[in-house]
Amino acid sequence: MAQMTYRQALHDTLREELLRNENVFLLGEEIGNFEGSYKITAGLLKEFGPRRVVDTPICENGFVGMATGAAMLGLHPIVEIMTINFIIPAMDEIVNHAAKIYYMFGGQCPIPMVIRTPGGGGQQLAATHSQNLEVWFAHVPGLKVVAPSTPADARGMLRTAVSDPNPVIFLENLALYNVKGEVPDGDYTVPFGQAKVTKEGKDLTVISYSRMAAVALDVAQRMEQENQLSIEVVDLCSLRPLDKTTILNSVKKTNRAIVFEEDWRTYGIGAEIAATVQEEAFDDLDAPVKRVASIEVPLPYSKSLERAALTGAKHLEDAIHSLAPRRRR
Amino acid sequence: MPEITMPRLSDTMEEGTISRWLKQPGDTIQKGDILGEIETDKATMDLEAYEAGVLEQILVPAGETVPIGQPIAIIGTGAGTIAAPASKQVQPTKAVQASASSTLEALPAPAVSAPHESAAAGDGAAAVKASPLARRLAEEHNIDLRQLQGTGPGGRIVRDDIEEVLEQRTAPAAAAQAAPAPVPPPSAPPPEAELVKLSRVQLLIARRLTESKQTIPHFYVSSEVDMTDLLAMRQTLNANLGEDGVKVTVNDLIVKACALALEKFPEVNSSLKEDSFVRYKHINVGMAVDAPTGLVVPVIRDANSKGVRSIARESKALIAKARNNKLAPADLEGGTFSVSNLGMMDASTFIAVINPPQAAILAVAATRKQFVPVDGQPVIRDLMTMTLSTDHRILSGATVARFLQEVKQLLQNPYSVLG
Numbered sequence: 239m240a241q242m243t244y245r246q247a248l249h250d251t252l253r254e255e256l257l258r259n260e261n262v263f264l265l266g267e268e269i270g271n272f273e274g275s276y277k278i279t280a281g282l283l284k285e286f287g288p289r290r291v292v293d294t295p296i297c298e299n300g301f302v303g304m305a306t307g308a309a310m311l312g313l314h315p316i317v318e319i320m321t322i323n324f325i326i327p328a329m330d331e332i333v334n335h336a337a338k339i340y341y342m343f344g345g346q347c348p349i350p351m352v353i354r355t356p357g358g359g360g361q362q363l364a365a366t367h368s369q370n371l372e373v374w375f376a377h378v379p380g381l382k383v384v385a386p387s388t389p390a391d392a393r394g395m396l397r398t399a400v401s402d403p404n405p406v407i408f409l410e411n412l413a414l415y416n417v418k419g420e421v422p423d424g425d426y427t428v429p430f431g432q433a434k435v436t437k438e439g440k441d442l443t444v445i446s447y448s449r450m451a452a453v454a455l456d457v458a459q460r461m462e463q464e465n466q467l468s469i470e471v472v473d474l475c476s477l478r479p480l481d482k483t484t485i486l487n488s489v490k491k492t493n494r495a496i497v498f499e500e501d502w503r504t505y506g507i508g509a510e511i512a513a514t515v516q517e518e519a520f521d522d523l524d525a526p527v528k529r530v531a532s533i534e535v536p537l538p539y540s541k542s543l544e545r546a547a548l549t550g551a552k553h554l555e556d557a558i559h560s561l562a563p564r565r566r567r
Numbered sequence: 006m007p008e009i010t011m012p013r014l015s016d017t018m019e020e021g022t023i024s025r026w027l028k029q030p031g032d033t034i035q036k037g038d039i040l041g042e043i044e045t046d047k048a049t050m051d052l053e054a055y056e057a058g059v060l061e062q063i064l065v066p067a068g069e070t071v072p073i074g075q076p077i078a079i080i081g082t083g084a085g086t087i088a089a090p091a092s093k094q095v096q097p098t099k100a101v102q103a104s105a106s107s108t109l110e111a112l113p114a115p116a117v118s119a120p121h122e123s124a125a126a127g128d129g130a131a132a133v134k135a136s137p138l139a140r141r142l143a144e145e146h147n148i149d150l151r152q153l154q155g156t157g158p159g160g161r162i163v164r165d166d167i168e169e170v171l172e173q174r175t176a177p178a179a180a181a182q183a184a185p186a187p188v189p190p191p192s193a194p195p196p197e198a199e200l201v202k203l204s205r206v207q208l209l210i211a212r213r214l215t216e217s218k219q220t221i222p223h224f225y226v227s228s229e230v231d232m233t234d235l236l237a238m239r240q241t242l243n244a245n246l247g248e249d250g251v252k253v254t255v256n257d258l259i260v261k262a263c264a265l266a267l268e269k270f271p272e273v274n275s276s277l278k279e280d281s282f283v284r285y286k287h288i289n290v291g292m293a294v295d296a297p298t299g300l301v302v303p304v305i306r307d308a309n310s311k312g313v314r315s316i317a318r319e320s321k322a323l324i325a326k327a328r329n330n331k332l333a334p335a336d337l338e339g340g341t342f343s344v345s346n347l348g349m350m351d352a353s354t355f356i357a358v359i360n361p362p363q364a365a366i367l368a369v370a371a372t373r374k375q376f377v378p379v380d381g382q383p384v385i386r387d388l389m390t391m392t393l394s395t396d397h398r399i400l401s402g403a404t405v406a407r408f409l410q411e412v413k414q415l416l417q418n419p420y421s422v423l424g
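Residue numbers (the numbering used here), protein chains in the order written: chain A, 239 to 567; chain B, 6 to 424.
Everything labelled a hint here was simulated from the structure, so no lab data went into it. These figures come from a predicted structure and were not determined experimentally. C-beta atoms are modelled at their ideal positions from N, C-alpha and C, and glycine is treated no differently. Please note: incorrect hints may appear among the correct ones.
Stated by the list, open to error - Here are the computed distance ranges between Cβ atoms for each label pair:
#1 A/Gln459 - B/Gln410: 43 to 49 Å
#2 B/Glu145 - A/Asp456: 34 to 40 Å
#3 A/Arg564 - B/Lys269: 35 to 41 Å
#4 A/Ser540 - B/Asp280: 54 to 60 Å
#5 B/Glu145 - A/Phe324: 50 to 56 Å
#6 B/Ala403 - A/Gln459: 52 to 58 Å
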């Protein structure tokens, strides 16, 4: 067990995977000489050389297609898309090819490809560099989408991703890279399709993922101290496959749920969770499922406007106050 | 053969109670005749005939409540007249003993715990707003949802409300066991007590006032006003008034003074809606009126831009309507501030409960002669205490004090309210 940042956990895991399996290789923009825009791949080119750590031109459709082909032929590519905003040119390769080939051609070739990419706003990177587009991928059968919120989960899920025979969208978050936490050593993995109850509670459930799951846990702990509210926090960890059982068990216990997500509200992850809960736990609901998400605008550059548009701890607190059962408020 | 259905008489109306029928089966009906009276959640209103013909059949007898849209009577040529009201042909949502009262002796248990008829939380509860969980719990514990007042959003019955009923069920029994009761437990009231059913208006008042006192952080600021000059001015205003002239009351002047002060303090003329303050463009002052069916608050619209004589005429008409149960929903809607006056009943001071979603209500007490020092000498003046109840989420003490000061100055310089 060691204390490290989310960035360090990713770096160390990539390095271990490169050491463990010579079919694993990394590719992406600026990951070699420049050591990664967010320094996740620092030192790896020097250690493993340009056959294993490949700097690509700025052409996501090209190198994601290349990685898909490499995976078809038995390699294990780990692609870095600098931020999720730049994944858009590669949609055809991901959705029409990587997600379909294993299925359409009689299971002849699995696509053991991992696409690592950070999402999220709040860094004053303006509208085209601050998005949360994970729901596009969570919608597509044939893909797996995971979104770890802690350094330990980042490590455990990245290892699971590398060994998965399907293309995996591995969602990181710019604001999580410096977050520190305990990370177990050794052959530690975290399975896909299993949500975690990161805090137990009785009065209501907050369901979240990625960075917002970390914010939710923080808010829940604080409000337990300050407001005597007992809040359960569910960290989805995987968006596809989605662990409905953990969500439903929690809602059956607390009878009230908030979905807290950094993406836009309409057609978002929250909409999917809310629909699932009303379909499968209707008689356990004491209030409509509430969604707390960001304002539906292209994210402004101006610091104050950006802050106003993004959701955060304050929005969640307000939602908890308005949804908590009266007798416990 | 045209059916007459329960009309929608207000925006919030979901069902209505037939207070009484004024026509009987067999009566010839002219277009525009008043067939009967319908009590809604807001007011009692006339049921007007839109077709001429013969009232053939009354489908819903007086005292019963049905949802809007349900047929309540049939007007035709007279061929199919059926004398007796056929109440069993329709499914009333509930039978309300409108004015009748029954002794408690006849009732087995407290209202909340007695499942009515066959369906406890079943079909009859469909019109009741309740969360799915509350419905399930009510069914499990045999609780009649129709007997509960929901405290959730929009009056929805939620788990909290069910839990309270369950606690009340166990509490008296536990108390009785703990102490060999010298007083009979609350579940068995003395047989001479009477159970009087609440009318829809009374139910609504009960719910709204509970909600107000439980959810709005009230605070109170009082001020004493010298009314001597205002009373003198009023006397002048009303002297030499012709036979049909409308007298201006002290309350009319207070309403006008409040309206003028609200113009200067728009933050008092506002509401809280989620994360916003709603500042109203119109100043509509409600007056609490003691009507036979309970407390009602008809509204004088745009009171700031009306003269005191117009206000007097309107308030007189509204009070008369209130006393006769003739207030229309439109008379009761849109208030942005309220005045409650118990001065004529000699109340020396009192505080009122805020009428949501308004931010404040002014409680006006009696005017009394008191000695006041003027230039070091005791002088008799007419003093009145007024107390403003205020929503602390919307207003702070300093603003409220300044607002009250403005009202006071207007009343003490009464000619300014004539402007």
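Hint-by-hint comparison with the structure:
1. Separated by about 46 Å at the C-beta atoms, A/Gln459 and B/Gln410 satisfy the suggested range of 43 to 49 Å.
2. For B/Glu145 paired with A/Asp456, a C-beta distance near 37 Å keeps the hint of 34 to 40 Å intact.
3. A beta carbon spacing of about 37 Å between A/Arg564 and B/Lys269 agrees with the range 35 to 41 Å that was offered as a hint.
4. Taken as a hint, the range 54 to 60 Å is violated for the pair A/Ser540 and B/Asp280, whose Cβ atoms sit roughly 21 Å apart.
5. Distance hint check for B/Glu145 and A/Phe324: the Cβ-Cβ separation is about 54 Å, which falls inside the suggested range of 50 to 56 Å.
6. The hint said 52 to 58 Å for the Cβ distance between B/Ala403 and A/Gln459, and at roughly 37 Å that hint is violated.
The structure fails to meet hints 4, 6 from the earlier list, while all remaining hints are met.
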